[in-house]
Amino acid sequence: MKIVVEGRKFDTSKAKKHYKLAYWDQHNWHTGHLWISSKGDFYMEEPTQWSNYAGNYHLTTPEDILENYRQYLEDSEIEEISQYIEGWE
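Just so we're aligned: the sequence shown equals residues 1 to 89 in my numbering.
Don't take every hint at face value.
[What the hints assert, rightly or not] Straight-line C-alpha distance at most 30 Å; calculated BS3-like pairs for lysine-lysine:
#  : residue 1 : residue 2
1  : K39       : K2
2  : K39       : K16
3  : K2        : K16
4  : K14       : K2
5  : K39       : K20
6  : K9        : K39
7  : K20       : K2
8  : K17       : K2
9  : K14       : K39
10 : K9        : K20
11 : K17       : K39
[Unchecked claim] Cβ pair distances, simulated, as ranges:
#  : residue 1 : residue 2 : range
12 : Q26       : Q83       : 10 to 20 Å
13 : W29       : E86       : 16 to 26 Å
14 : K16       : E67       : 15 to 25 Å
15 : E74       : M1        : 16 to 26 Å
16 : G7        : H27       : 31 to 41 Å
17 : S13       : E63       : 37 to 47 Å
18 : K20       : L59       : 33 to 43 Å
Hints listed in this document are in silico derivations from the structure and should not be mistaken for laboratory results. Just so it is clear, CB atoms sit at the ideal spot from N, CA and C, and this is done for glycine as well.
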């Protein structure tokens with residue numbers, strides 16, 4: 001799928017990495033997507049509980065993902081994303 005995020009064109013099918021963001025809040029599933037482009041740009045579809053909500057896409061950083069969306073990721077995915085942060089331990 002081709003999308004424009006903050007004036008930049010991305011093709012999600014050509015992303016280097018794709019993560020499905022999913023979190024159960026005891027009432028609803030919240031789902032979204034995170035992609036890493038071949039050039040190392042992070043862009044995402046903001047997680048939402050609404051199945052008919054058509055994408056809120058924005059650029060992001062690995063720091064923001066780990067700070068605000070950690071609950072959506074598996075431990076192995078957190079480890080992969082943390083490798084993009086210099087000095088992360």
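Now for the hints, and whether the structure bears them out:
1. K39 <-> K2: 16 Å, holds
2. K39 <-> K16: 8 Å, holds
3. K2 <-> K16: 14 Å, holds
4. K14 <-> K2: Holds: K14 and K2 sit about 9 Å apart, inside 30 Å.
5. K39 <-> K20: 20 Å, holds
6. K9 <-> K39: Holds: K9 and K39 sit about 12 Å apart, inside 30 Å.
7. K20 <-> K2: Within the cut-off at roughly 17 Å; holds.
8. K17 <-> K2: Holds: K17 and K2 sit about 15 Å apart, inside 30 Å.
9. K14 <-> K39: Between K14 and K39 the Cα gap is close to 11 Å, so the pair holds against 30 Å.
10. K9 <-> K20: 20 Å, holds
11. K17 <-> K39: 11 Å, holds
12. Q26 <-> Q83: 10 to 20 Å: 32 Å, violated
13. W29 <-> E86: 16 to 26 Å: 34 Å, violated
14. K16 <-> E67: 15 to 25 Å: 22 Å, holds
15. E74 <-> M1: 16 to 26 Å: Hint holds: Cβ distance 23 Å, inside 16 to 26 Å.
16. G7 <-> H27: 31 to 41 Å: At 36 Å between Cβs, range holds.
17. S13 <-> E63: 37 to 47 Å: 26 Å, violated
18. K20 <-> L59: 33 to 43 Å: The hinted range 33 to 43 Å is violated for K20 and L59, with Cβ atoms some 19 Å apart.
Of the numbered hints listed earlier, those contradicted by the structure are 12, 13, 17, 18.
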